[in-house]
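Got chain A; can you put chain B on it based on the hints?
For the record, the sequence lines run as chains A and B. As numbered in our numbering, residues 1 to 193 make up the first sequence, in order. As numbered in our numbering, residues 1 to 254 make up the second sequence, in order.
Calculated from the structure, these hints are not laboratory results. Some hints could be false.
[Stated by the list, open to error] Taking lysine-lysine and the DSS-like style, the derived pairs with C-alpha atoms no more than 27 Å apart in a straight line are:
#1 A:64 x A:102
#2 A:102 x A:90
#3 A:152 x A:102
#4 A:90 x A:63
#5 A:14 x B:157
#6 A:63 x A:102
#7 A:90 x A:64
#8 B:157 x A:90
#9 A:102 x B:157
#10 B:157 x A:64
#11 B:157 x A:63
Predicted model only: the values in this text are computed from it and were never measured.
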Amino acid sequence: MIRLQNIRLNYADKRVLDGLTLDLSANGITCLHGPSGCGKTTLLRLIAGLAVPDSGTVTGLPKKPALLFQEDRLLPHLAAEENIAAVLPKHRIGEARNWLAKVDLAADANLRPRELSGGMRRRIALARALAYGGDFLLLDEPFTGLDTALTKRMAWLIRETGVPALVVTHARDEIALLGGRVLEVSGLPLRIL
Amino acid sequence: MKTSTLLDNKWIRAALALAVWLLVWEGLARWVNITLLLPGPVIVVQTLAELLGSADFRTATGFSLLGVLTGFLIGVAAGSLLAWLTWASRLADALFSPLLRLVRTAPVASFIILALIWLTSRTVPMVIAALMVAPILWSSTKTAIEETDPALLEMAKAYRFPAWQRFRLVYLPQILPQWTAACATAMGLAWKSGIAAEVIAQPRPAIGTNLYRARLFLNTEELFAWTVLIILLSFLLERLFIRSMAGLGRRYAA
Chain A
1 MIRLQNIRLN YADKRVLDGL TLDLSANGIT CLHGPSGCGK TTLLRLIAGL
51 AVPDSGTVTG LPKKPALLFQ EDRLLPHLAA EENIAAVLPK HRIGEARNWL
101 AKVDLAADAN LRPRELSGGM RRRIALARAL AYGGDFLLLD EPFTGLDTAL
151 TKRMAWLIRE TGVPALVVTH ARDEIALLGG RVLEVSGLPL RIL
Chain B
1 MKTSTLLDNK WIRAALALAV WLLVWEGLAR WVNITLLLPG PVIVVQTLAE
51 LLGSADFRTA TGFSLLGVLT GFLIGVAAGS LLAWLTWASR LADALFSPLL
101 RLVRTAPVAS FIILALIWLT SRTVPMVIAA LMVAPILWSS TKTAIEETDP
151 ALLEMAKAYR FPAWQRFRLV YLPQILPQWT AACATAMGLA WKSGIAAEVI
201 AQPRPAIGTN LYRARLFLNT EELFAWTVLI ILLSFLLERL FIRSMAGLGR
251 RYAA
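So here's chain B without its partners, still in its complex pose:
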């Protein structure tokens, strides 16, 4: 018979795993013994605490969050609208689908460098985030529209549902789970690509710019501290998004 242990609790399991990896990190840092190459977790946390108290941190984080979130929202709106458009019109499908597939497969660095030629460094992260998000939303939403239950669509036709009612009562409940999952994935990607764009475009003030400067001045503990911050913010944004969507998901759950 299986007996219950502390490991049955997922939070304890997660805390234990974190503790093990922190210990491995600390052990490696002590073994290397050169902060410039590998700072230990304690120094990184200290540096992070110093960063959190600085004005530079607040302005850089505010700028990066605003840029990436704006780009994310533009990408979500554009991707969702293009999904409907390419589903409804063969001409739109022929025009936009290859373009969106191209954006999805092309390396993000190419877009960042191209965007730098055409745009100011402050707008590049937002545009790149939108460019990375739109194809994900387009692909998932279009698939969900195509997979909408034909029996329910026929029922809506038989009872002459107006277009808005057909969208709200038949399409939306079937699209929402895939759309929400795509948004959560896209949120992480928007954040990563936005920061990557900042590293290359160097807008001021921004997290990516600070990350680049830390590397330039061989300030490895700051480099680690900014990286930890990026991971924490990414995790937080994703959790916030999933939480805000949970109510909507319950409303439309079968």
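So here's chain A without its partners, still in its complex pose:
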């Protein structure tokens, strides 16, 4: 169980979290649903260990979180397959191609990010997060730029990993595809509704 108690956090001179208390299940998928700019990404960064609260306590953080950023953040000089291989230990590098196949991009293994469409880059970033082998998935709008069929396929892939996940989304149909618990939020500062 990830437990946040009375968390205060300022970001860019704004109070993003103000006394937030929240228990997150370490099992299954939790969807974080709310408007843009209400602090959902900051919450993800906090759980990923990339942001430190100004006050409050955080316990039960995942040991190896796999974070899919809101932006793809692919290494521009590496090919699609190399981008996935970059997060794998040496003995698992061969798995990169399998993950590319799972996101329907096996034929584009040697292309660099600038040669790929936005949707393709998103799938590579998602494949990288899933391939990482984390004990908790933190996915920030994982289906940006994907059509309905691909969204369904990627949602199925996320569920199939069986790894507990916190997924940030704006779309109700994505929540339906992912299943699990829904946390409705608003802000700023972020409040659980």
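Just chain B now, kept in the frame of chain A:
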């Protein structure tokens, strides 16, 4: 509509420009009509051809190239390492950054004369070349490190890249273009300052020493021939460096 002409070809444009300036030079030389003051391009090329065949040329060029290139490599290594050090440690930044800024702004002649007091004339050109190169590499590399994409650095942190992987996959591709450009600039400067150091320090045998002796004996055509040689070698070194770096640049291009 724009029609294509011979001038569209950059090599033809360069050859034409060279021909025009050679003609201006020849015209001026004929007008002055005193070889001691201004030898024409034909005499200079003849003198250069004689120099190229002499043993003195080979030993002098070999010595100068070795000294300047060694100094260049030392300067590149020192400048790059100091960039990382001053970026990573505030103490190192406080210690070294003012020193490197001072070296960058102080006149090269002061360093040459000071170096002559402390060092042998044979090592002065190498040390001066290194001193001129290091601040350029330090400044460019440090700026490039500071400008590395924070989003990619955060991604590397999130996926727990080890230090070496973070350097190789995130920093290196972003630093390399600026680092290569700084090396190319520094190469020219190392060559010029190294030769200047040779002119003052007079090591034997060396291009700078021969340049000084040509002036001393009022051998103006030889002075011009050595100068042409210095320019040609500088151009050649820079092209060689850029070419050798091109493969690396392609590997890390986005």
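These are the hints, each one checked on the structure:
At roughly 22 Å between alpha-carbon atoms, residue 64 of chain A and residue 102 of chain A fall within 27 Å of each other, so this suggested pair holds. Pair hint residue 102 of chain A plus residue 90 of chain A holds up; C-alpha atoms about 20 Å apart against a cutoff of 27 Å. For the proposed pair residue 152 of chain A and residue 102 of chain A, the alpha carbon gap of about 13 Å is at most 27 Å, so the pair holds. Of the pairs offered as hints, the one joining residue 90 of chain A and residue 63 of chain A holds, with about 20 Å between alpha carbons and a cut-off of 27 Å not exceeded.
Under the criterion of a C-alpha separation no larger than 27 Å, the hint pairing residue 14 of chain A with residue 157 of chain B is consistent with the structure, at around 24 Å. Using a Cα cut-off of 27 Å, the hinted pair residue 63 of chain A and residue 102 of chain A holds, with the two alpha carbons roughly 26 Å apart. Between residue 90 of chain A and residue 64 of chain A the CA atoms are separated by roughly 17 Å; this keeps the pair inside 27 Å, and the hint holds. The straight-line distance between the Cα atoms of residue 157 of chain B and residue 90 of chain A is roughly 18 Å, inside the 27 Å bound, and the hint therefore holds.
Pair hint residue 102 of chain A plus residue 157 of chain B holds up; C-alpha atoms about 25 Å apart against a cutoff of 27 Å. This hinted pair checks out: residue 157 of chain B and residue 64 of chain A have alpha carbons roughly 12 Å apart, not beyond 27 Å. A threshold of 27 Å between alpha carbons decides the hint, and for residue 157 of chain B with residue 63 of chain A the separation of about 14 Å falls inside it, so the pair holds.
Hint compliance for this structure: no hint is broken.
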